[in-house]
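Asks: Please work from the sequences and hints to get the whole structure.
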Amino acid sequence: MKTKVLQGSSAQAADADSAIRTVGLGKRYGDIEALADLHLDVPRRSVVGFLGPNGAGKTTAIKLLLGLVRPTAGSASVSGLDSVRDSLAIRARVGYLAQDPEFYPHLTARQTLQFTARFFYRGPGPALTARVDETLDLVGLGDRADRPVRGFSGGERQRLGIAQAQINHPDLLILDEPAAALDPGGRSDVLDIMSRLRTRTTVFYSTHILDDVQRVSDRVAILDRGRLVANAATADLLDGDARTYEITVRGDGVAAARALGTRTGVRDVVRADGDGATKLTVRVRDHGTADALLPTVLTGGDVVTAFGRRRSSLEDVFLALVEGDRR
Amino acid sequence: MIAATDAPPGALPLLPVDRIGPLAGLRNLLRKELSQWWQTRLWWIQVLIWVVLLNGVTIVVMLTEPTVAVDVLMREVTSTFLQMGVTAIGIGVVLTVQGAIVGEKELGTAAWVMSKPASRSAFVLAKLIGHAVGFVVTAIAVPAVIFTVEVSILLSHAPAVGPFAAGVGVVTLAVVFYLALTLALGALFDGRGPVAGIGVGMVLAGVFFKGLSPPVIVYTMPWLLGDIAGAIAVGGPLDPNWLVPVVTTALATVALTGVAVWRFGREEF
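Going line by line, the protein sequences match chains X and R.
For the first sequence, our numbering gives the first residue as 1, with consecutive numbering after it.
For the second sequence, our numbering gives the first residue as 1001, with consecutive numbering after it.
Read the hints as simulated data drawn from the structure, not as lab findings.
All values reported here derive from a predicted model rather than from experimental measurement.
Glycine included, each C-beta is placed from N, C-alpha and C at the ideal position.
If you only want the chain R side, here are some residues facing chain X, beta carbon under 7 Å, derived: (1) L1014; (2) L1015; (3) P1016; (4) A1024; (5) N1028; (6) L1107; (7) G1108; (8) S1115; (9) A1118.
Replies: Given below as structure tokens:
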């Protein structure tokens, strides 16, 4: 499989600044390679989206970080602690939301949070109660706090999952598909809380909802079939191809396309007709040629309504990396 | 609506747990296990079952054998009570606890708990201690007290406290053995079938094959504990090797607990 790892400049975080660092991390289940040679750095105080299609190995990677499964290759550290040797210490500092969170069905939301909090704190009772109440309010479950979890909807369960993950105000929040079971309003709420929490914690979350990643993530790591295919700042990924430009002109744009196509340094021109306008996508060999694009079109008498370097959406990048490999 | 907030200003400071070690989370997990016994219907259902079964049978025996001398009847019902206790409670333990570990693995709650700073040893030991307390109180202590009262009323004789307590202690050993066996099986298997099948089979093998098996097997299994408990309680003749099954059962209980801790420690979630 072709592997394209985009390494943004800010990815070269020193070990001390890494909330998560993996070196050649891998996991095999018999003949199945669930995760292979994962090299990942997650800087502190960042929000990192961990993307990949279903079965890409995201959940396996997360469970390896927490010590819930053992690696068959490489190593991982969280806040400088080894994921195998120091698993308990890691779990004391991390908040984790599983993909399909399961809780004791007979406990209420309040009892579930009290139970969770007691793994981290020994008291005093009033402070524990205050923390639980605060966390219930944080996720909007205050009015359902004393209902048994067995009657919760998927969205309520997810909110409780986020609450229990951050009851200890962790250094690092690891969320596995945190918004998957939520309606649009709930999803938006979750993204808001993730954005705000970045001031005090690192958020590492897996998802397959690309819009969410583009909205809140500082960085993006993309996994495909157990292998990392991209790891870069979101802005770098979306910066797109620096040698592709888009020019929108009124009319059919035939003359402009012809004029651009005859210029030295232009690789190709693609016309796309719109409603009374035409978008010309022009690939150039160098920046000097790019500088001459607009004058060339204007000299021909065309009216230009938009001009700029083509920006990628995360979906473009994702599809190019993940689907491109399959072609 | 979810709103991100920091801890409110002026909130009481929370004290972190003292240290993270091999038994991290034990106290919290044990509290949860005990609450499942004492804050749900489980405790009174268990009390009801064992009082009806153990005390009911002994009352029936006392009322249907009025011609037997009181001291003979006293010995008979005491032995019956303790022997039945080992077998019936043994089966009850297996059936009640079969899902303690398997169920949590199936439901996903074990994975959730293990994502918190809780050790795997603590997870298993909390179940052992919690269920041991639950069964000792509801299936052994309560019926034993009621048995003493019923015997005192119906036969005007109370069993000798020391020997009877020693007999109850032997029953307790058997019950804890079956509990450790069930937890070990729960850690070893992923389904309830093998756990219940092997556990109940182990109890019933003692009932049906005790007299047919070679002595080396009989003395290293907990199958004689009911007879030993009865003999101790009524001051009857004891097998000269009676200590062997007591010691081997105690050692096996420790070994099975070790197996449960070891196997659960290797579990991947």
